[in-house]
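> Sequence:
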Amino acid sequence: MAVITISTNSTTITTSAPTTTTSSITTTTTTTTALPLLLLLLLQQQQQQLLLLLLLLLLLLLLLLLLLLLLLLLLLLLLLLLLRNNYYYYYYFYYYFYYYYYYYYYYYYYFYYFYYDDDDVDDDNDDDVNDDGEDDDDDDDYYYYQLYLFTCFVLSKILIKAKYGN
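Residue numbers (the numbering used here): 15 to 180.
Be careful, since some hints might not be right.
Stated by the list, open to error - Pair by pair, the computed Cβ-Cβ distance ranges are:
id : residue 1 : residue 2 : range
1  : Ile174    : Leu85     : 45 to 55 angstroms
2  : Gln62     : Lys171    : 50 to 60 angstroms
3  : Leu57     : Leu87     : 41 to 51 angstroms
4  : Ile174    : Leu69     : 11 to 21 angstroms
5  : Gln58     : Leu95     : 54 to 64 angstroms
6  : Leu57     : Leu82     : 50 to 60 angstroms
7  : Leu94     : Leu55     : 51 to 61 angstroms
8  : Gln160    : Leu66     : 43 to 53 angstroms
9  : Gln160    : Gln63     : 44 to 54 angstroms
10 : Leu80     : Lys171    : 23 to 33 angstroms
11 : Leu69     : Leu91     : 28 to 38 angstroms
Please keep in mind that the hints were generated in silico from the structure rather than gathered at the bench.
We treat Cβ as the ideally placed atom computed from N, Cα and C, and that holds for glycine.
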């Protein structure tokens, strides 16, 4: 019989066990190749590179927008320099945009009324119906057109007052 003694500072534990004990220790070893780990690492690096590429594209888009805004500002300043001494160009500027929008408005309605048949209109769609139950799209476009004309008129008046003071 074997005696096992465990002692600490103040306590002693003694146990006895039979001498014929069999024990078996089973160990399992697994071997993995480095390929899945490398693929996982590459995938993480590609995601980081993709994120970096997207951020770079967003930055380039922002810079392009800023450049376009600066170009528009330069064109406006050039226009003001050209119109500085010529009273006629203020009205030309106003009427050019006025007639441009007028022709756009006219051709839009020409296309709408001649190429769309009323039988093809979906009557179940009530999103753009006013309180009277009539279609409200035509009224909205007319109001937007009037708002555009009023804006052109006010801008031309502001430009004239900036030039001549009256």
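> Hint by hint, say whether it matches the structure.
Status of the hints after comparison with the structure:
1. Ile174 / Leu85: 45 to 55 angstroms: violated, 26 angstroms
2. Gln62 / Lys171: 50 to 60 angstroms: holds, 56 angstroms
3. Leu57 / Leu87: 41 to 51 angstroms: holds, 45 angstroms
4. Ile174 / Leu69: 11 to 21 angstroms: violated, 47 angstroms
5. Gln58 / Leu95: 54 to 64 angstroms: holds, 55 angstroms
6. Leu57 / Leu82: 50 to 60 angstroms: Between leucine 57 and leucine 82, where Cβ atoms are some 37 angstroms apart, the hint is violated.
7. Leu94 / Leu55: 51 to 61 angstroms: holds, 58 angstroms
8. Gln160 / Leu66: 43 to 53 angstroms: holds, 49 angstroms
9. Gln160 / Gln63: 44 to 54 angstroms: Holds - the Cβ-Cβ distance for glutamine 160 and glutamine 63, about 53 angstroms, lies within 44 to 54 angstroms.
10. Leu80 / Lys171: 23 to 33 angstroms: holds, 31 angstroms
11. Leu69 / Leu91: 28 to 38 angstroms: 33 angstroms Cβ-Cβ, so the 28 to 38 angstroms window holds.
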